[in-house]
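Chains as they are written, first to last, in the working numbering: chain A, -15 to 267; chain B, -15 to 267; chain C, -15 to 267; chain D, -15 to 267; chain E, -15 to 267; chain F, -15 to 267.
Quick caveat, the hints were computed from the structure, so don't treat them as lab data.
Hints are not guaranteed to be accurate.
[Claimed, not checked] Examples of chain B residues lying across from chain F (beta carbon under 8 Å, computed):
{"hint": "1", "residue": "E44"}
{"hint": "2", "residue": "D55"}
{"hint": "3", "residue": "V56"}
{"hint": "4", "residue": "E174"}
{"hint": "5", "residue": "N180"}
{"hint": "6", "residue": "H181"}
[Said to hold, decoys possible] What the simulated footprint calls covered on chain D by chain F, stretch by stretch (three residues with Cβ under 8 Å from a Cβ of chain F suffice, anywhere in the stretch; the number is not a length):
{"hint": "7", "segment": "131 to 141"}
{"hint": "8", "segment": "144 to 157"}
{"hint": "9", "segment": "184 to 191"}
{"hint": "10", "segment": "194 to 205"}
[Stated by the list, open to error] Below 30 Å or equal to it, Euclidean Cα-Cα: the simulated DSSO-like pairs (lysine-lysine) are:
{"hint": "11", "chain 1": "E", "residue 1": "K94", "chain 2": "E", "residue 2": "K25"}
{"hint": "12", "chain 1": "F", "residue 1": "K94", "chain 2": "F", "residue 2": "K25"}
{"hint": "13", "chain 1": "C", "residue 1": "K(-6)", "chain 2": "A", "residue 2": "K(-6)"}
{"hint": "14", "chain 1": "C", "residue 1": "K(-6)", "chain 2": "A", "residue 2": "K25"}
{"hint": "15", "chain 1": "B", "residue 1": "K25", "chain 2": "B", "residue 2": "K94"}
{"hint": "16", "chain 1": "E", "residue 1": "K94", "chain 2": "C", "residue 2": "K25"}
{"hint": "17", "chain 1": "D", "residue 1": "K25", "chain 2": "B", "residue 2": "K25"}
{"hint": "18", "chain 1": "C", "residue 1": "K25", "chain 2": "A", "residue 2": "K(-6)"}
{"hint": "19", "chain 1": "B", "residue 1": "K25", "chain 2": "A", "residue 2": "K94"}
{"hint": "20", "chain 1": "D", "residue 1": "K25", "chain 2": "F", "residue 2": "K94"}
{"hint": "21", "chain 1": "B", "residue 1": "K25", "chain 2": "C", "residue 2": "K25"}
{"hint": "22", "chain 1": "F", "residue 1": "K25", "chain 2": "C", "residue 2": "K25"}
{"hint": "23", "chain 1": "C", "residue 1": "K25", "chain 2": "C", "residue 2": "K94"}
{"hint": "24", "chain 1": "B", "residue 1": "K(-6)", "chain 2": "E", "residue 2": "K(-6)"}
{"hint": "25", "chain 1": "A", "residue 1": "K25", "chain 2": "B", "residue 2": "K(-6)"}
{"hint": "26", "chain 1": "E", "residue 1": "K(-6)", "chain 2": "D", "residue 2": "K94"}
{"hint": "27", "chain 1": "A", "residue 1": "K(-6)", "chain 2": "A", "residue 2": "K94"}
{"hint": "28", "chain 1": "C", "residue 1": "K25", "chain 2": "B", "residue 2": "K94"}
{"hint": "29", "chain 1": "D", "residue 1": "K94", "chain 2": "D", "residue 2": "K25"}
Quick reminder that beta carbons are idealized off the backbone N, C-alpha and C, glycines included.
Protein chains: 6
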Amino acid sequence: MNTTHIESLKQIAGTLSQSEVKEYGYIPRPAQSSPNVNRIKEMMSLLKSIFFPDFFDDAEISAYTQESHIDVYLERLYSLLNELLCQSERTLTFIGRLPEIKRLLATDVKAMHDSDPAATSYSEVILCYPAIQAMVHYRVAHELLRMDVPVLPRIITELAHSATGIDIHPGARIGEYFSIDHGTGVVIGETCVIGNHVRLYQGVTLGAKGFTFDHEGLPLNEPRHPIIEDHVIIYSNSTILGRITIGHHAVIGGNIWQVYAVPPYSRIIQKKATSSFTDGLGI
Amino acid sequence: MNTTHIESLKQIAGTLSQSEVKEYGYIPRPAQSSPNVNRIKEMMSLLKSIFFPDFFDDAEISAYTQESHIDVYLERLYSLLNELLCQSERTLTFIGRLPEIKRLLATDVKAMHDSDPAATSYSEVILCYPAIQAMVHYRVAHELLRMDVPVLPRIITELAHSATGIDIHPGARIGEYFSIDHGTGVVIGETCVIGNHVRLYQGVTLGAKGFTFDHEGLPLNEPRHPIIEDHVIIYSNSTILGRITIGHHAVIGGNIWQVYAVPPYSRIIQKKATSSFTDGLGI
Amino acid sequence: MNTTHIESLKQIAGTLSQSEVKEYGYIPRPAQSSPNVNRIKEMMSLLKSIFFPDFFDDAEISAYTQESHIDVYLERLYSLLNELLCQSERTLTFIGRLPEIKRLLATDVKAMHDSDPAATSYSEVILCYPAIQAMVHYRVAHELLRMDVPVLPRIITELAHSATGIDIHPGARIGEYFSIDHGTGVVIGETCVIGNHVRLYQGVTLGAKGFTFDHEGLPLNEPRHPIIEDHVIIYSNSTILGRITIGHHAVIGGNIWQVYAVPPYSRIIQKKATSSFTDGLGI
Amino acid sequence: MNTTHIESLKQIAGTLSQSEVKEYGYIPRPAQSSPNVNRIKEMMSLLKSIFFPDFFDDAEISAYTQESHIDVYLERLYSLLNELLCQSERTLTFIGRLPEIKRLLATDVKAMHDSDPAATSYSEVILCYPAIQAMVHYRVAHELLRMDVPVLPRIITELAHSATGIDIHPGARIGEYFSIDHGTGVVIGETCVIGNHVRLYQGVTLGAKGFTFDHEGLPLNEPRHPIIEDHVIIYSNSTILGRITIGHHAVIGGNIWQVYAVPPYSRIIQKKATSSFTDGLGI
Amino acid sequence: MNTTHIESLKQIAGTLSQSEVKEYGYIPRPAQSSPNVNRIKEMMSLLKSIFFPDFFDDAEISAYTQESHIDVYLERLYSLLNELLCQSERTLTFIGRLPEIKRLLATDVKAMHDSDPAATSYSEVILCYPAIQAMVHYRVAHELLRMDVPVLPRIITELAHSATGIDIHPGARIGEYFSIDHGTGVVIGETCVIGNHVRLYQGVTLGAKGFTFDHEGLPLNEPRHPIIEDHVIIYSNSTILGRITIGHHAVIGGNIWQVYAVPPYSRIIQKKATSSFTDGLGI
Amino acid sequence: MNTTHIESLKQIAGTLSQSEVKEYGYIPRPAQSSPNVNRIKEMMSLLKSIFFPDFFDDAEISAYTQESHIDVYLERLYSLLNELLCQSERTLTFIGRLPEIKRLLATDVKAMHDSDPAATSYSEVILCYPAIQAMVHYRVAHELLRMDVPVLPRIITELAHSATGIDIHPGARIGEYFSIDHGTGVVIGETCVIGNHVRLYQGVTLGAKGFTFDHEGLPLNEPRHPIIEDHVIIYSNSTILGRITIGHHAVIGGNIWQVYAVPPYSRIIQKKATSSFTDGLGI
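Excised from the complex, chain A in its bound form (with noise of 0.2 Å):
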């Protein structure tokens, strides 16, 4: 590297380093220091072996050595979370509720597997459906959000929605038996409250219509999100936003944009398209 470079670099790294001058964009040092990633996703790869065991193992698992292989997964996530939350009595808080989580997962494999017709098996649904990865880092964060801790639940929902295209915030509140087909561009509010038997397709928004701002001018975090009643279907990429209701039993169709609530029972369709032979249009 020749003189002028090594200046050059010099200069350019000093002005990087000034971080406390606004005009070189200024971004406050994290409070504490950031959860390693790294770990994590090893936490939600052993959550993800003791919610089904054989599935997700390198190796094979007997059925004889099935509790000894919880037994040493158990271990390692303890240690893993008292890192992690750096409090073993929340570890140990949190492995307790794991019993309830495999059992709200195991209803969604049964709904995912018993409403689609291409799922041929539930080891199908379990190994292939992204919507059950989804579930998994959802109902994980979920826990972890209620009992207050921060940070760590907003990764691991995003370390799913990166996999999968389904972004369901940690704070919503979703029942049982709950499927998603597909996925990809689903987006799931932080104050959404879900009931049983609900089944989203693609591209479905439950959203925020609006926000209140503080004197500030920041959002508040209010209750904003859809409130979906049990068994309810909603097709698509449709949009539903704000704090409205969906009455149970509605189906809403594809494309939908819905901002007001719906009774139960309904079916909200589209109008038909216009259909023409306009060459014009560029299309």
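Knowing the structure of chain A, use the given hints to seat chains B, C, D, E and F on it.
Using the frame of chain A, we list chains B, C, D, E and F on its own:
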């Protein structure tokens, strides 16, 4: 770890292992051991190197050693597939179809290049376009499914789904010169039949409108997805549902919800949206 | 392996190597050797550590060593870029633009934080929001494209596309304080021009309505994507197509298909969907 | 690469492939495919974790999960050995001998601890003493050789030889409470018979004095290495050659060249070296 | 796995877990968890980069960033050592001694370079001479032992022993300008005291002649290894045993067995070997 | 980290960076950047696969693809060597010598097999005998040294030294059919000349007796190591020093210290050791 925690962990492990008890989330163990996902990734990586030599290899491959590289890759592929398919005749049958798969992929590359003004070269399309990755995975998975290989084809297409947001069921039938632009959110269902020279944009769903159920209440796996004839273009975020036919040379505009057949040469566009200055909507 | 299989494999390898024969799928070899994707990932990882020290590093970085870390990262980046760009002057030019890129990214972080009630801190936005990752990749790729670096910019944005579902072409021009929420399915085309303080939601397409073709039937690379002026908000799953201008302070609702210009301060919303109790539709 | 270089490389590759031509270095291909060394390393790592739980594992192992860990390790070992030995009965036979191997190794640990004033604990011996590693490999390899497993035993002892400089042929027979201090350069030949409570120092050779040859001029594999009776100590760099017996409780000093039998309770020491002030030797 | 095998494995696992039963090889669990060897390797790698910048780093380090690299390495070392030593004051004390260790190592490099005609540069000595690696490990381990750190020092010197065949106990005291040529088989005992400008060749043992035993029959840890004064040279494969003094400027020839003190300026050489034409010896 | 510690670390880093100040251990920076050791390891691994196909490869290599594998390996080797040697002509010259190196190695394999009754096959020798690894490294390094490549040859032989305990200087000249048994502690000096059919055992040193010094007091690099003629055998732990000739067909017994020439057909053996019952020696 103190004694109380040890006792708790032991008890939780016991509960999690009682998977036969329904209330703790009963998931039957997989009938046969699950295919190793790392092996499948290695297989797909080999196939990409075979189809597109010198594009995805870590080291440079000269023209003069290309044939030797393919020898080496094929031998490794033969060995990997024998392990995954457990039957060498099936392995050989599949490998025998690689030249045809390569030919089809070359038509896809050409189609994507010729229809996108942003594409600067075939190389850029192969290296950067997510739809190429999706089509490599789909065309390989489709051949395996035709040979009645279970589970594996679905894992292969889901790997592409996760990486690209494009979800093509391995059962779909897709012709030559197929192209997808951008691709995130595209869903192509199990019983779709797609002709030649078809072009899709991001967010397009080719899905089922509804299912027929058997006497146990489970949905029947019948032809339920669209037939798309030659030279059709479907723009972004449109949804085509049911066993309907989109006639050749038809153009479907964006954000369309289509559940009826469309004759050849049609142009379908969305009605103009309402434009208004309504502050009360909160958006 | 028996003799028949060996003979078959030899023959198939021969066929696959005859890439110059058109019927076996002719793909020309890349004009120059493809950039090594692992190097590009290392480059992006270095850049993230330079822009946001102590957020993405494996080990903790104290405030007192921050400048030393940046020295070390910059030197490694210089070496990597020399290898990728093959010209040290271009490398230095690019590195000289890093403070400005960092400043722009800081405005994006601020914009995403201030417009999302679910955001609890700048740190959470940097660590968890996929749109930050997409913007780091885009802003870096855009600078490289401005310096006429081939292929590399597109690979960089596709890496973000795969991880986030947000597809921004490196050729697009995007102002300060840009924000995207959720992001899956967002597409921003090559010739887009986007002002300051613009906000997009998931599934928004800023695309081309149609192409002009040259005498060989290939589409011309002309300005064909929208111009979005300052302070515009576009809600989820809307599609804006063609070289049209969306005037400043306009708000486009969700699920809109827009192919005409929109004046400043407009509010565009979708017509209310038909609500009905039709059982016969099968949905 | 220019054309001349390509031509040269092609020609050299051709020459290197003509392995059947004697003048280019004829080495017959291995009769069966060579055992995968990485699998063997994994096997030895599992065995170390089984023999000495919580010493060599990456993560901490509590007393309360020790049995579960051993279950998990044994299952993995069973699977690995099946692959390496190609016969599940042999695998089970070998695993059935593990408790006895563990018992023998415990006597070795005790012997090394009790005879070295620098040893501070059993733990230090297990973790740090190269002779323990050598004995784990030897005792495992010896059992496999007794079961007529080919090649594998020799690879196992050579792995220890490379790591420790201690070269024990798997065919040697070694009793309980065996110890080696420092160990570099120790050689124990194929037909050695070593009693209990024997102690060796670095550089000791227990070798053959000469060979009997068959009619083709190849050396015969006969008993040709020493018999070392109980409670013998052999100090550093001594060489004991041929089928001679070193009687029980004998002590062989350092730097001894011994080719004749030694009665019990002997003390063998080197003659005093010449001490002189000779400058002419050049040392 | 058939039922018989499962039963057998269960039973063997049970036996192997009964470690408290003496006849199955009782080894007490380590009093505290064993230091993680991978962390220790990382620590030694950091130290080598600190002592010899730009020699062992993966990437090139310019002179102008050398100080920044050392900042970064020291911070990482501080964090690693805190974890290994569990006490930050000890960590700081150790780091404070690094400049002195570096100075001593520089004298060793100079000594090895100046006394070996095959050495072409200081760089070759640092990069290739195993004795440098051994001395880095020894000098670091010796400082830690002086601070009463348990187990860790011995693991550090054993890592060097395994890589180089040079076995230096961390308790030995070694002066400046120390050199070892080739080095395989060198053993330097725990209570050795070695002056300045001492040179050893391969296979040299500085060991104990015998031990004093306590009333339980265990050997006492007393001064029992030689004192080597300044400017002594000891040639290959010689053995010096017991608490004897080798006077300054003495030269010990090769293959010597020495158990008595040697005055300054002595020359000790082996008697001439017998030369004969005896065929009957079988060698 | 508290402020005092930060201050201390800063100061220590400063001291460690003042490498030009003599009292802090002055080591000049390497004249040119050090060769990357991982690349050298990859090079040696390629060479082993080229010399002995199907012995050291991770995957199985059929006879029918052997030539293709060699093509692929040679191309990668060409690329790696260009990077290490910085000159493509030298690279080609070296690769052109590979067939001769392979031929020499095949004679070594034959020699080691034919002289060891414990050897069961050529395959076992290639896979397990450390001397084969040492000879591959030496013969490659020797060719590079003959081409005046600096540093690299020495690193190559030191890699083998570390793995096998056999230290052969790349400058030594060694004929055909060379064999070493066990090998730990063997040292072969820079100016040795060794004929054909020579056999060494563990611990043999072929070294220098003394050096001539130049006017600066540095030792001169002159011929100073032994000449070993054809068909010589040297048994374990013997030391042959100085520019003396060991005549053809001579046999040197074990533990010999030899500084004078030996005529052809000699037999040199050690005098019988003193046998005594002296308890007072403390051994």
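Which of the numbered hints are not met once you compare them with the structure shown?
-> Failing hints, ascending: 4, 5, 6, 13, 14, 16 and 27.
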